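Starting from the structure of chain A, add chain B with the ligand where the hints point.
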Amino acid sequence: MAAVILPFERPVAELIDKVRKLRALAASDPRFEPELARLEEKTNRLARELFADLSAIQKVQLSRHANRPYTLDYVKRLFTDWVELKGDRRYAEDAAVIGGLAKFHGRSVVVIGHQKGRGTKENLKRNFGMPHPEGYRKAIRLYEMADRFGLPILTFIDTPGAYPGIGAEERGQSEAIGAALGAMARASVPIVATIIGEGGSGGALALGVANRVLVMEFACYSVITPEGCAAILWKDGSRADEAAAQLKITAPDLLQLGVVDAIVEEPTGGAHQDHDDAAVRLDRALWSTLTSLDELRDEELVEDRYRRFRALGAYLA
Amino acid sequence: MVWPEKNALSLDASEKQSIGAGVFRLCDGCGQTLDAAALAAAFEVCPECGQHHRLSAEGWRRLMLDGGELSAWDAHLMPGDPLRFSDGKGYKDRVRAAQRKSGSDEAVEIGRGRIAGRAIGYGAFVFDFMGGSMGSVVGEKIARLFERAGEEELPVVLLSASGGARMQEGILSLMQMAKCVAALERFRKKRLPFVSVLRHPTTGGVAASFAFLGDVNIAEPKALIGFAGPRVIENTIRQTLPQGFQRAEFLLDHGMVDAILSRREMKEHIAALLGHLADGARRRA
Ligand SMILES: [Zn+2]
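One line per chain: the protein sequences are A and B, in this order.
Take the first sequence: its letter number 174 is residue 174 in my numbering, and every next letter is one higher.
One gets my numbering by counting positions in the second sequence from 1 and adding 1000 to each.
This is chain A alone, in the form it adopts within the complex (with noise of 0.2 Å):
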């Protein structure tokens, strides 16, 4: 994987490469050690000055960095026993949503995830992980299967958004979208989502009415694109850093809001700085927010989902 880094994360992602370096001499020559501990020290301190002050904007340049984990990243650091389905039977196989069987921690669940690619080809495969209609059917089939199978939904937010196209249009989008809300709010197993990088509107939320919603530090959810917000707002695109402060996007605002219910820290300089990292980071959250809810059965399940987003929006009564 080429590595890609933006023009605000250069000094810290320069350190930790140095880091890694030195690490490989530490690693056969132990003369090395006490001069790693010390660049270690600097990175982290540089890298939690740095981020600590980053703006709505970098964080969204964050959120769709190239070399983030995507889900697949993680599905392999977080399962074992994984098998891949396929298909909405309806039309189509759509690569910009991926779901499977798997096992966490030795327990069978389902996992679903919006997946991005590494590559132009990828791309060109994965949608730049924009679903069609049929990614939302093949989820829908497999929210509808841990139901009937009493299986755990783990799900990966990963979406700049649903595809806007004809195509799209044509088999019903809108109708495809709204009924994954419907299966998630209607299955009587838990369900927990991550948002893992882009949150992109209601092609987000369509893996995302769960029981309870982590997001990775840097991550981002948004009903609409900064860049798209500034266009409706002012006709003007490159106003999205005004119009990504404005909607409240980042990991500490969706908190505060209750959008989200806790926040994984990544590692230093991000996660795509180590995947390895970022997946036992996740784990870790994600097992003991699973567990956390092994107090529940099935319709104490969906009126605890109900009763989460029952309780959003602010408004004066």
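FYI, nobody ran anything at the bench for these hints, they're computed from the structure.
Hints are all accurate, no fakes.
List of simulated lysine-lysine pairs, DSS-like, C-alpha gap at most 30 Å:
hint : chain 1 : residue 1 : chain 2 : residue 2
1    : B       : K1101     : A       : K235
2    : A       : K235      : B       : K1092
3    : A       : K125      : A       : K76
4    : B       : K1222     : A       : K235
As the structure is a prediction and not an experimental result, all values here were calculated from the model.
Then chain B with the ligand, alone, in the frame of chain A:
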């Protein structure tokens, strides 16, 4: 006390004052000059070409409900400003301006009414209020519509017309989609009918939540209905969209709605539908 904005009562671009002859309007469909009072009496349907012009919330009540009577539910809910959103003008100011323009407090009204004698839970979007956009109040009211209709064992008839989620309430407006559909799922468990009417235009978060989940979906003639707006699609695929794309007739052809009904036949048709669906429930009980 809300004072009318300057020019708040100005007429549509198509309206023309003609001295000594009352108000005339040009039809958006055929361009004919029509008597405004006659057009209003025909629920904004052109007698020449059948073009459906925008109908007010009050007009919809008169068209759909016996005696035009709605006993409103939860009309007191008012929008907050959870993000303190400002695009140069604050969200609160935008809301006040929308209230003045539309004469409604929010973008949907709900309540109990009757269709051909049958009590129903009724909801209608007010497109003039910020494009019928769905924020927290709209989401809350639609959730309450399904909840209360469920408790009172009423069928629901919901008339949508919305540009989608309300940007100024950010992610909370997205969450309303999940809230409304979850409430609809509970309502469906009671085996009560939901008739969804898709008016012009119904797009974005309203289309992609409950609007297509009716037991029966009905569209207005030529209504624009879809997930993504045509301009967004054009910018994405970089080609011109085919004639009639995302219009009601296109949706009928693609199996997404059961019927396209003109306003002249809408109430009668829905009354007949509700009669059929209730007959099954009566026999089972
Ligand atoms: Zn006409």
